[in-house]
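Colleague: Sequence:
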Amino acid sequence: MALLNQQEQAQVAEAIANVERITDAELVTVLAPQADDYTYIPLLWASILALLLPGAVNYFGQWADIHQLILSQWGGFIALAILFRLPQIQTRLIPRAVRHWRASNLARRQFLEQNLHHTKGETGMLIFVSEAERYVEILVDRGISAKIPDVFWETIVNRFTARVAQNETAQGFIECIASCGEELQRQIPASGEKNELPNHLIILD
Numbered sequence: 001m002a003l004l005n006q007q008e009q010a011q012v013a014e015a016i017a018n019v020e021r022i023t024d025a026e027l028v029t030v031l032a033p034q035a036d037d038y039t040y041i042p043l044l045w046a047s048i049l050a051l052l053l054p055g056a057v058n059y060f061g062q063w064a065d066i067h068q069l070i071l072s073q074w075g076g077f078i079a080l081a082i083l084f085r086l087p088q089i090q091t092r093l094i095p096r097a098v099r100h101w102r103a104s105n106l107a108r109r110q111f112l113e114q115n116l117h118h119t120k121g122e123t124g125m126l127i128f129v130s131e132a133e134r135y136v137e138i139l140v141d142r143g144i145s146a147k148i149p150d151v152f153w154e155t156i157v158n159r160f161t162a163r164v165a166q167n168e169t170a171q172g173f174i175e176c177i178a179s180c181g182e183e184l185q186r187q188i189p190a191s192g193e194k195n196e197l198p199n200h201l202i203i204l205d
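Residue numbers (full-length UniProt numbering): 1 to 205.
What the hints contain is simulated information worked out from the structure, not anything from laboratory work.
All values derive from a computational prediction rather than experimental measurement.
For every residue, glycine included, the Cβ atom is placed at its ideal position computed from N, Cα and C.
DSSO-like cross-link-like pairs, simulated, lysine-lysine; straight-line CA separation at most 27 Å: (1) Lys-194 to Lys-120; (2) Lys-147 to Lys-194; (3) Lys-120 to Lys-147.
So the derived label-pair ranges between C-beta atoms look like this: (4) Asn-167 to Ala-97: 20 to 28 Å; (5) Asn-5 to Arg-186: 30 to 38 Å; (6) Phe-152 to Arg-21: 16 to 24 Å; (7) Tyr-40 to Gln-68: 23 to 31 Å; (8) Asp-205 to Arg-85: 16 to 24 Å; (9) Leu-44 to Lys-147: 41 to 49 Å; (10) Ile-89 to Asn-167: 17 to 25 Å; (11) Glu-175 to Arg-85: 28 to 36 Å; (12) Gln-6 to Ile-89: 28 to 36 Å; (13) Leu-51 to Arg-142: 46 to 54 Å.
Whole structure, please, built from the sequences with the hints as guidance.
Modeller: In structure tokens form, the structure reads like this:
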């Protein structure tokens, strides 16, 4: 996982500017390194395993010392909690449905926080990416959804998601913006000069 460098961010901003010259849509791009820290999930797994594993050993091995059992459970919990915080392990502990749910919630919050629901003609569009979850979503306001069905964006999102999985997020952004621009130009062509929202890529902390 690698966030975009300055040159790549400039390329994304240029791609947005090019599209906004040919359509009334207002594009905003947001990149999040991760949608959530998921602290509770590694702790939950550590708690379950720390309770079950020593308990199973005690059941089959018949430990005589209850204090030793308790110490092994506490020691196991601490060791597993630290181990499960490693990013390469943590990601595998979190169900895909949970990761996508958290990323989807963040995308919707960003749609509101970036004022995409207040554009003239209701033509705001958010292209959102959360790299850790390999999650891509396109959200549009009513002015766009009235002319372009949501299902249209699915193929574009799938292509972009494949780029993110290959650590080609910058190229994915550029291709996605261009593909969106082609349909936006056909359905919502530019009626005049306007630029209500920032063109630069927004990278969340």
